[in-house]
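Protein chains: 4
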Amino acid sequence: MNLFERASGAASAETLFSDQTLIAAMVRFESELALAQAQLNLIPADAAGAIHQACNAFTGNPAAMAEAATLAGTLAVPLVAALRAQVATINPDAARWLHHGSTSQDVLDTALVLCTRAALEALDDEIGSALQHAAALARQHRATPMLARTLLQAAGITTFGYKAALWHHALQRHRSRLQTAARDGLCVSLGGALGNLAAYGESGEALRQTLAERLRLRDPGHCWHTHRQDWLALASEAALLCATLSKIAGDIALLAQTEVAEVREAHVEGRGASSAMPHKRNPVLTLQVLSLTQGAPQRFATLLAAQGQEHERALGGWQSEQAHWPGLFRTAVAATRTLSALLASVEVDTGRCAANIAALQGVTFAEAVAESLSGALGKPAAQSLVAELCQRALREGTPLRDLLSERLSTEPRWTADLGALFNVERAAGASSRQVTMLLGKPH
Amino acid sequence: MNLFERASGAASAETLFSDQTLIAAMVRFESELALAQAQLNLIPADAAGAIHQACNAFTGNPAAMAEAATLAGTLAVPLVAALRAQVATINPDAARWLHHGSTSQDVLDTALVLCTRAALEALDDEIGSALQHAAALARQHRATPMLARTLLQAAGITTFGYKAALWHHALQRHRSRLQTAARDGLCVSLGGALGNLAAYGESGEALRQTLAERLRLRDPGHCWHTHRQDWLALASEAALLCATLSKIAGDIALLAQTEVAEVREAHVEGRGASSAMPHKRNPVLTLQVLSLTQGAPQRFATLLAAQGQEHERALGGWQSEQAHWPGLFRTAVAATRTLSALLASVEVDTGRCAANIAALQGVTFAEAVAESLSGALGKPAAQSLVAELCQRALREGTPLRDLLSERLSTEPRWTADLGALFNVERAAGASSRQVTMLLGKPH
Amino acid sequence: MNLFERASGAASAETLFSDQTLIAAMVRFESELALAQAQLNLIPADAAGAIHQACNAFTGNPAAMAEAATLAGTLAVPLVAALRAQVATINPDAARWLHHGSTSQDVLDTALVLCTRAALEALDDEIGSALQHAAALARQHRATPMLARTLLQAAGITTFGYKAALWHHALQRHRSRLQTAARDGLCVSLGGALGNLAAYGESGEALRQTLAERLRLRDPGHCWHTHRQDWLALASEAALLCATLSKIAGDIALLAQTEVAEVREAHVEGRGASSAMPHKRNPVLTLQVLSLTQGAPQRFATLLAAQGQEHERALGGWQSEQAHWPGLFRTAVAATRTLSALLASVEVDTGRCAANIAALQGVTFAEAVAESLSGALGKPAAQSLVAELCQRALREGTPLRDLLSERLSTEPRWTADLGALFNVERAAGASSRQVTMLLGKPH
Amino acid sequence: MNLFERASGAASAETLFSDQTLIAAMVRFESELALAQAQLNLIPADAAGAIHQACNAFTGNPAAMAEAATLAGTLAVPLVAALRAQVATINPDAARWLHHGSTSQDVLDTALVLCTRAALEALDDEIGSALQHAAALARQHRATPMLARTLLQAAGITTFGYKAALWHHALQRHRSRLQTAARDGLCVSLGGALGNLAAYGESGEALRQTLAERLRLRDPGHCWHTHRQDWLALASEAALLCATLSKIAGDIALLAQTEVAEVREAHVEGRGASSAMPHKRNPVLTLQVLSLTQGAPQRFATLLAAQGQEHERALGGWQSEQAHWPGLFRTAVAATRTLSALLASVEVDTGRCAANIAALQGVTFAEAVAESLSGALGKPAAQSLVAELCQRALREGTPLRDLLSERLSTEPRWTADLGALFNVERAAGASSRQVTMLLGKPH
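Residue numbers (my numbering), protein chains in the order written: chain A, 1 to 443; chain B, 1 to 443; chain C, 1 to 443; chain D, 1 to 443.
Among these hints, one or two may not hold up.
No copy labels: a pair is met if it fits in one copy or bridges any two.
Taking lysine to aspartate or glutamate pairs in the DMTMM-like style, the calculated list, with each CA pair at most 25 Å apart, reads [claimed, not checked]: (1) 379 to 14; (2) 379 to 19; (3) 379 to 67; (4) 379 to 202.
Hint data in this document are derived by calculation from the structure and do not stem from the laboratory.
All values derive from a computational prediction rather than experimental measurement.
So here's chain A without its partners, still in its complex pose (with noise of 0.2 Å):
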């Protein structure tokens, strides 16, 4: 992880990937093998303890395996060889049943399975607490009028509670799509040299079985070192994560622009201070989320451009998987957690937020003055009338409904009620009430 990822709060995941963790995770996978081999007598008990032990024991250098794997092709050789030599130490005769009818694809396909459970247990908890400050702006911002804006364009009234009501809307949605994914991509790796488990005769997928128990995996009931969509389907389900991530922020962005101001990321000491500029208070929370989000699609596109491994086990492929899977799920635990504290930090500035509807004098009333103006001239010359009012409007700094309210005294077929249609609550209800459909009743 460089520098500038670590800058953009990528440093908080970095243990979940890291050297140690994914050795342990492959001592790991060595020693339940020989424990499950025993349970099904497939290895003797003893030597199973010996690996068992020597598993617990062993830590491993990551800068020599790493140098070994260079030579090998794989990390498995030198992890295999430096376990192997340690349980000789403990009893000679146990060391040939380490690693017994397995396969390098099988340890490092779980050992980065039992890794991305971790991060998917991280990624769960980090939403949780999105989750959490999410509800509360919507809640308490459930009424709060705020332009809603199409095309970037002021559209009309909403409120800030349904924005974020929509962004817990789906955050959660995430939390369970990943959840699903988790349940049937986690599984334990289990093949052998050509995938068909002809190590163990009759008991492949007992022992496939026992294991995926003993690692609390799901047993896929085959072997898929060379078909991995629902492991995929993980890092798709990541992906789609990051892309909410970044249109949640991106919101937030556009939303304390200088000239909206209406929100803002909470005042801390030294947070998001300029180097040449005393004034700025950069959206340092902001920044990272849509810096850290960024590289997403194109880091699960080269994870599916890397499927068509060959054969029984890929060449060049798979290793370009491994190398690439932990940069993203490390980016969308840290990013959760920055969208996290940004939701935390978030201040709205209700005046702000008047004051950029009463900038506009009325016009995103339009609609619905052109709706109730229909029955009277028809759709179309409707829509025109206000149109023409609307940019008046706006070039002369005069609200609509008083040039609405000069024209219709001209015009005695023409009914409005005025004080309904230019209502700023009354406009803000519609988008209350979702937030209550979405979030449950107010407390």
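Based on these hints, arrange chains B, C and D on the given structure of chain A.
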């Protein structure tokens, strides 16, 4: 769709998102919206009737619509204008009720959902057909010995049936995943201009539900104009499927190489002819699957990268999503159809499979041989010995069995059941067994 | 090209790689190949004449060609077959000399080169037009003060002209880069079936050179069937250009936001109308540039990912490259054309620019103020003081100048030329100066 | 860099963008900026001296800097603060002149440029080394007959030297392209807070030029904070190079397949050992090149997608670019180094090449045979006849020459010089000739 795409077989999926299909889906939305509104007494029943009648009779001019949309910024404006004019010819008072309370994103999103539903139905059919062919191959070649290859090196003996059974299983998983994703992601879109159903007062939720029922889509319970995770997940599933199609076709391509020649596409007059080389027969279906699927990861990344959709409607991201969406699904359907044809066409040369095994002088049994000697020699020494004999066998063109037998004769302590160890059918047994596990008992 | 792409303005570039354009380019290759071969006495002159005549008269049926290509695996087979039949009607003996010694990749690659050359010429024209509009904006608004924004926060004072001058400079660089890339990458492709010109004996190199001259393409001096770096670099330049188009349109989108309103697209009847909101005027050209360019990074990534082209001709990668190539260039041309229209349409509201500056109470001068106090206070203390006064100015709505003046009156040691420091025109001077540097002296 | 990346050989390039390297480059910018400013009398000479002295002595704490940057939003703030403190210990008055008139993007962009220059120098060296090995292979095997393969089917006879000569040519083009891109893209970044050099009055341009000279970088003549096309083009060249590395390694992987076996990596003790299969020797260097390069297209797409950089400094895009930049260049350097080792290691089994040709019963001569019969039979009939004989030759295991000879004996009108047609060396001649063209005369 350009000539190159059609030459790769994509033409078969061209109508799924054609101009006419898309316009028909938009018109259907407007028609059903009016009928649903009449059902809830939101608009007069005769207005809905006129709208329905006009919609039934409507035939849009795609070129004119596209040009008008370039000016308006959305296809919905010219569509609604043209439809409204047509409604007015039937019932002038009804015209104002067309598109009532709705917005361009409602009609365009829902129209794309309807087209995508049809595409997913086509995809389900094609996967179904591919599954039949994969299952037939797996059953027929359950026990056909074939080299297993890892890192593109011969590694041992598997069966072609096991490869096909894993293809079958993966395709089945994709089918099931796509069905689940369709249930979640094929939702009606109805939010109105600001996404809060404001124009419908307290009837908004009921209207969305009624409309969903009329269109046989899911009512998501909220507006998803700029939070699109469950919709995007459909595209993710299509991209994941393409990865598997590419994996399968890639394996067939490797097996069909001149020097391997274990598999070929059945000969069809004119298929795979070379413009310059009369003796060649190119693996055309394989080529097309590989070509069609290669862009899928990036297509999906484009959709993901478009999700930072601003506020209540995006400026650029949503429109980019629309433009890129059809290509991914068309490609997935066409590639699945072509893969199905490929699986139906695949011929396995069992003689060549056996010859390729035989050419390796029995070194494919090395793992089992080493395992059987581990008891006497210890695992490292057994592996070293076997590796050395394997190199000799290949260098000298002498069967490993003979070299081993010679060696065993000098080491009375070592014993090995050579007949059992060097037995292709026995070696293939582990893979046959997996086919049975995956596909059920042989008939 | 689907309806959504055309609605975003891509239709204007549709003919560049249309079926007819592509077939004409293929036919042109065959015609010029024969004439070049006759020129070098490789085939009889009358055969070349007949081929040339047949090519001139040829009109292919794209649908039939696509279908036949699906069987053959390449468009070249049905094209050559149809052309050969036509040649035979003119001169039966000539038919065998059509496509003599060539291969499908020669004709298809060269045809795509010819189409791409036309696309690049169109692109050059569009960039030229955009440059004129950008230069006009830069000159007209050389000294128009506008807020500079960093991290979406107001940071100081620049001029709109400087923004436009940087747009101009970037577009000029792209034009120049594209021209260089065209010189390197628009090469004739001629290698024959194996890429070694075997069919032409010692005349191969001369033939390639002659053919290049006839087609006004570069002779690369070798066969590039599966080594395509200079060709791909053309696509890279198109993608880089799209990134700049997106940057420019993005800035305009931000400036055109309701709350900023410093820039707008000129009003054209019907442009940017909303289907629901009569007062809205959506930034349609901006939207289209953003929508068109958003897929470019991934389109280029697809082309790059297709470059692992096997041996002497690829199975899948080359064909995928062909399928995805046109979309990138069509998009680049259409987006540049739209950007040019956008730049021609942009209206700057100088009053609003000034008002947005004024609303910040002079905090935009903070950096210069802090610098001027650094001598007396030291930099950190000066920055702290100014930061504190800036926060007060914004909170209380009091000009920073007044707050500073008040403070200076209590600190006789400190001196500052407030008139010079708080001078918008003077602050804008640095940016005006850059416009002059970039575009030359004002006229 | 995670354990998987290091296992694929990326560790060798780890220092190029390490924390220490990056911090040193940032410090160098500040030091040279001060010296350049003193040179132009913008700051006192003794202040510059103190800054230079402090910079020379500075050793940053990356972990602390990253953490502080997470708060500040940029690495520049903690770096400048730490450096300023150090300057103050030497000369308190000098501290205010550190980073004078500059901004965080100036120092970070320039620092990344300096690191990238070193990476490009390393890359140039590695390409140079790979070129030597490729040239040696091309010369040594100029005339070594090998099957040419198109669409993964044997197509005729080429030479291994020609393949290697094309690799050589492509690498040479990349080297030349990278050198050109470096000249354009390795620019100093100096713009100040708003990108208009405001703090330096009329000396801004001279300062940028002086600083460029001191750092031996190009002075671009303008500020490139948010217009980064020439900088991005460097990354494009790195990605294009990776595509070629992948193509070359892919060809070697195919040639090294057990069933082809024409090429292998030289044996090194322990290289490519399997954890389960003692007889295997995996193509480890090949694997590493394929694994390292596979993410390059998407990495570049991420950089491209980050270019919509807002106004005068981006919120997210620039920071994402920084985070993803090092990975692409590190990968390119490591993959080139590994490819160079691979080319140095490649052993060609000329006997196997010949055997693979012989196994095809002469059908590889089909194109020339058909051509020679075209005069008598017409092209279509000649092609049909030859295709039929080829199928028979392969089916029956009889040389095509014998079948043709038999047939010729019954058709006195047809003549063919069988000895010349069925001559492997003669067939290989066209490719040998290309090697000479590409690499110059044999020595």
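Alpha-carbon proximity between residue 379 and residue 202, which holds within one copy, between copies, both or neither at 25 Å: Intra 76 Å, inter 23 Å, cutoff 25 Å: inter-copy only.
Alpha-carbon proximity context of residue 379 and residue 14, limit 25 Å: Neither: 59 Å inside a copy, 36 Å across copies.
Alpha-carbon proximity between residue 379 and residue 67, which holds within one copy, between copies, both or neither at 25 Å: between (74 Å within a copy, 24 Å between copies)
Alpha-carbon proximity between residue 379 and residue 19, which holds within one copy, between copies, both or neither at 25 Å: neither (67 Å within a copy, 28 Å between copies)
Going down the numbered hints, you'll see the structure goes against 1, 2, while the others check out.
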